[in-house]
Amino acid sequence: MEYRTFGDTGIQVSALGFGCGDVGGLMVRGTVQERVDAVARALDAGITYFDTASGYGRGQSEINLGAALRQLKASPVVGTKVRLLPEDLDNIPAAVARSVENSLSRLGAERVDLIQLHNQIGPQRGEGQAILTPDDAMTVAGAFEDLGKQGKVGAWGFTGLGHTASLHTVVDSGRFNTAQTSYNILNPTSGQPAPRNHPYQDYGMLAQRAAESGMGIIAIRVLAAGALSGSTERHTLAAQSVAPIGTGADLAADAELAHSFSFLWDDGYAQGPVQAAIRFVIGNPAISTALVGYSSMEQLDYAITAAERGPLPGEALERLQAVWEGMGQG
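Quick note: the sequence shown uses this note's numbering, first residue 759, plus one each step.
Simulated from the structure, these hints should not be mistaken for lab results.
Built from N, CA and C at the ideal position, the CB exists for glycine as well.
Restraint-style ranges between C-beta atoms, simulated for each label pair:
id: 1; residue 1: A832; residue 2: R1067; range: 23 to 31 Å
id: 2; residue 1: E1073; residue 2: P951; range: 15 to 23 Å
id: 3; residue 1: E1083; residue 2: E903; range: 38 to 46 Å
id: 4; residue 1: N849; residue 2: T990; range: 39 to 47 Å
id: 5; residue 1: E970; residue 2: S833; range: 27 to 35 Å
id: 6; residue 1: T990; residue 2: R869; range: 34 to 42 Å
Build the full structure now, drawing on both the sequences and the hints.
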């Protein structure tokens, strides 16, 4: 397993991360033994970053991850998240502190390595919606800084979803140590310039910009919620309905478009679409860790093998450009 510097945090993380969310579902809906076995396997393979959130399974993911790590007597890098509700916005610092205290209780920990803002960022708040402005994000950063002084969090970050210019404003503030960003082979615009006629949201090289400012970068939606398997079939533990982020109108549209990249496995650059998707993401040196959610041990083992193969070769990356430009002409 390759290890990378997590921005300026002083933390080293594995190139492949372990997503504990609802989309994969293993750490929310799996049995106790399935969860413990998967965490043990990940640790044995060298995975050092585990990502959860207060909202995953209404806190069940945090509870289950904490229990598995205690049983295994393991202490990898753990990140969790705060999602503020509209009613929290009258007193953001108090809501942040309350959420972190609850997360620590569920994890069974006195401190968490990374705390992250989980709300989308936009130019203005949405009526009845939990969209935060960049100014709101600065207030959250101040609350995270206070918790850092109390020894309850080590570093803090935000989820880079929402309005592109607003996300860049937050990055440029220098108030956050890390950023999560949607980055995958369908929509690579967080890590490189948008292809001509790009049909999806242009993230404006958010990952590159954040990395250059010393932030650690967590790639999310690496498999486009499973669409990059090329199939809409869902594992029984996986979320049965998922909304695409930064790509097509629905999962089926993304899954169909995934076949546009079949040259990668047909011509031997990768052993299948999922491997190609993972290796594409870890090939960007700006990415600290590529977060993948799992439904089974088989999926975990497959992702580990993909990461161990390393980045796609340069020739494959050159051929991708023509596919991306063709997508915008459909």
